[in-house]
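With chain A held as given, fit chain B onto it using these hints.
There are 2 protein chains.
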Amino acid sequence: MASDQNNQKPHDLLSELLKKELDAVDKLIYERMISEYAPRIPEIASHLINAGGKKLRPLLTLASAKMCGYKGQYHIHLASIVEFIHTATLLHDDVVDESKKRRGKPSANLLWDNKSSVLVGDYLFSRSFQLMVETGSLEVLNILANASATIAEGEVLQLTVSQDISTDEEIYLKVIRGKTAALFSAATQVGAVISGSEETIINALYEYGDALGVAFQIVDDLLDVAGDSKIIGKNNGDDFRERKLTLPFIKAISSCNQNEKDFWKRTIEKGDQTSEDFNTALKLMQKYEAIERTRLDALKWAKTAKNSLDAVPDNDIKVILTNLADYVVDRVK
Amino acid sequence: MASDQNNQKPHDLLSELLKKELDAVDKLIYERMISEYAPRIPEIASHLINAGGKKLRPLLTLASAKMCGYKGQYHIHLASIVEFIHTATLLHDDVVDESKKRRGKPSANLLWDNKSSVLVGDYLFSRSFQLMVETGSLEVLNILANASATIAEGEVLQLTVSQDISTDEEIYLKVIRGKTAALFSAATQVGAVISGSEETIINALYEYGDALGVAFQIVDDLLDVAGDSKIIGKNNGDDFRERKLTLPFIKAISSCNQNEKDFWKRTIEKGDQTSEDFNTALKLMQKYEAIERTRLDALKWAKTAKNSLDAVPDNDIKVILTNLADYVVDRVK
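One line per chain: the protein sequences are A and B, in this order.
Sequential numbering of the first sequence, starting at 1, is according to my numbering.
Sequential numbering of the second sequence, starting at 1, is according to my numbering.
Treat the hints with care, as some may be off.
Each pair may be met inside one copy or between any two copies, as identical chains are not told apart.
[Claimed, not checked] Straight-line distance between alpha carbons at most 30 angstroms, and here's what the computed BS3-like set of lysine-lysine pairs gives:
#: 1; residue 1: Lys261; residue 2: Lys287
#: 2; residue 1: Lys27; residue 2: Lys265
#: 3; residue 1: Lys54; residue 2: Lys115
#: 4; residue 1: Lys303; residue 2: Lys283
#: 5; residue 1: Lys115; residue 2: Lys261
#: 6; residue 1: Lys54; residue 2: Lys9
#: 7; residue 1: Lys287; residue 2: Lys244
#: 8; residue 1: Lys303; residue 2: Lys54
#: 9; residue 1: Lys115; residue 2: Lys265
#: 10; residue 1: Lys27; residue 2: Lys174
#: 11; residue 1: Lys303; residue 2: Lys27
#: 12; residue 1: Lys261; residue 2: Lys71
#: 13; residue 1: Lys9; residue 2: Lys71
#: 14; residue 1: Lys318; residue 2: Lys27
#: 15; residue 1: Lys287; residue 2: Lys318
It is worth saying that the hints were derived from the structure and are not from the lab.
Extracted from the complex, chain A is given alone in its bound form (with noise of 0.2 angstroms):
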């Protein structure tokens, strides 16, 4: 078991560890999708959730459950709701963004339209919804009401801040927190609370949701700019097409001399751009460590996240969701 540990992925391993618990949120999310007079529904859903996605929310809250001795059934509701709220999410991501490609494959407002993208996004929403109130739990409710609060208005802030280069890193990381690590916090912490856990625990597990989910949208920024687009599935300099202000261009943008913030001005706040702006955009952010310096901020967030774990006791899930920690970052090494 532990060598076994030392080569295959966390997720990989958490998947394997809790296949029985995630079989049942397949089907649950198979059956709650199902519209009796659109069709369309879960031919658009099951696109998304089918297309290699790792499912690594509801791996956190079936993970958390598990390690505070849940013994109830509310679990794959749970893991469900984030998947749901996530798939919604990006479904609305995907028109906001008018992307062409998510996970390696046509986006689906690429393969249906805008308006099925809006309306089935709402419609997994309210289905998420539907769940959270068969749990019975207001502390709940409550829980995913404000992670979805704060998701809304991180993206709204995120339209409100691209486009203008005096972006700083709190604000990136109000967008981020809403962005992603809003729904990975609460995907952990409602693991615990439905466990009846006590709040030290509860508190540790949302924190260690909330650095991780931190550190993986650092990294996933960082790969934007600097990653494999095979290994990505989407194109290098995407963010910086769409002039949208990730930490590492944040950390070159506040170092750079006055020539230099012209050339950000033209390219990030009037959107004049040219084939070979991105190239000296990135060796911009090498001249000022920009890279480096996201990557040590996000190795950071990842030690923030293994430490906050200390409060729960020890056992094979704790193992692995450190592992995890590592590993979100490890992808930038």
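Okay, now just chain B, sitting in the frame of chain A:
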């Protein structure tokens, strides 16, 4: 008072009678609309909420709670929730319909962009969700979760069946239940639920909202075909041009001969329309009395709404709600 009631529109009478509560709703809506980080949110949302909307849905909730003798504070929450949900669906609808006007003003997606409409809609929906949790009533949460799912499903269904001239009245009813009646019935039902009313009263108010919503939407669809564009605040024939099959079209199509069917196939299914086609469509509707028959359906639903109130003890508000059902269909006299 009795003579006043004869001169004033029923929803104006309700607004007057419930002014204190409605002011509290406005206050709560403004408080909860605010986003610390994203000033665009209240900007967009208030464009809609202020745009001459009659706040009919929150009024229904307040009226229902008052009629049921509610003494608590959560009717303000519930009324704000239904207005938030309504505004969120309007924002998403405008993206889906690619509409240029809403309540006689440019729609939000035209003033800002589709992105903002999608995300601010999501934000308002998540805010409504937080308000629901604050009521602490799982029954209320259940009703609103189910209403949300019906709304989303109805919207997707509408997308699927538009441009399909085999759409029948049964499907149409499902679409408008999602589009309009689900939120009307939830609005009246939660007012009774929060008051702890008995089952017969809760059901009666649910049915009132449902039938009123159906009547309201049938009339809305009728006005699009035959209403005065200055009064309705949008162009005549929008549904025809958007190839959306509403009740007058469905009635005309189901009666027509083969030649006429070819007209509908060309204009609705193929979308091959000339500027004269809407007039031809109107003539076909007149030939088969589709407009008159649609009006009779609306009257029938208004009667159902009024009859459902039989189960409710007599009082001032019951009288106004009865008049409201008449008023809603009077728009097409």
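Checked hints:
{"no.": "1", "hint": "Lys261 to Lys287", "verdict": "within (14 angstroms within a copy, 69 angstroms between copies)"}
{"no.": "2", "hint": "Lys27 to Lys265", "verdict": "neither (50 angstroms within a copy, 40 angstroms between copies)"}
{"no.": "3", "hint": "Lys54 to Lys115", "verdict": "both (26 angstroms within a copy, 27 angstroms between copies)"}
{"no.": "4", "hint": "Lys303 to Lys283", "verdict": "within (29 angstroms within a copy, 73 angstroms between copies)"}
{"no.": "5", "hint": "Lys115 to Lys261", "verdict": "between (39 angstroms within a copy, 28 angstroms between copies)"}
{"no.": "6", "hint": "Lys54 to Lys9", "verdict": "within (11 angstroms within a copy, 57 angstroms between copies)"}
{"no.": "7", "hint": "Lys287 to Lys244", "verdict": "within (20 angstroms within a copy, 57 angstroms between copies)"}
{"no.": "8", "hint": "Lys303 to Lys54", "verdict": "within (22 angstroms within a copy, 54 angstroms between copies)"}
{"no.": "9", "hint": "Lys115 to Lys265", "verdict": "between (34 angstroms within a copy, 23 angstroms between copies)"}
{"no.": "10", "hint": "Lys27 to Lys174", "verdict": "between (34 angstroms within a copy, 27 angstroms between copies)"}
{"no.": "11", "hint": "Lys303 to Lys27", "verdict": "neither (35 angstroms within a copy, 44 angstroms between copies)"}
{"no.": "12", "hint": "Lys261 to Lys71", "verdict": "neither (57 angstroms within a copy, 61 angstroms between copies)"}
{"no.": "13", "hint": "Lys9 to Lys71", "verdict": "within (27 angstroms within a copy, 57 angstroms between copies)"}
{"no.": "14", "hint": "Lys318 to Lys27", "verdict": "within (26 angstroms within a copy, 47 angstroms between copies)"}
{"no.": "15", "hint": "Lys287 to Lys318", "verdict": "neither (39 angstroms within a copy, 74 angstroms between copies)"}
Of the numbered hints given earlier, the model fails hints 2, 11, 12, 15; all others are met.
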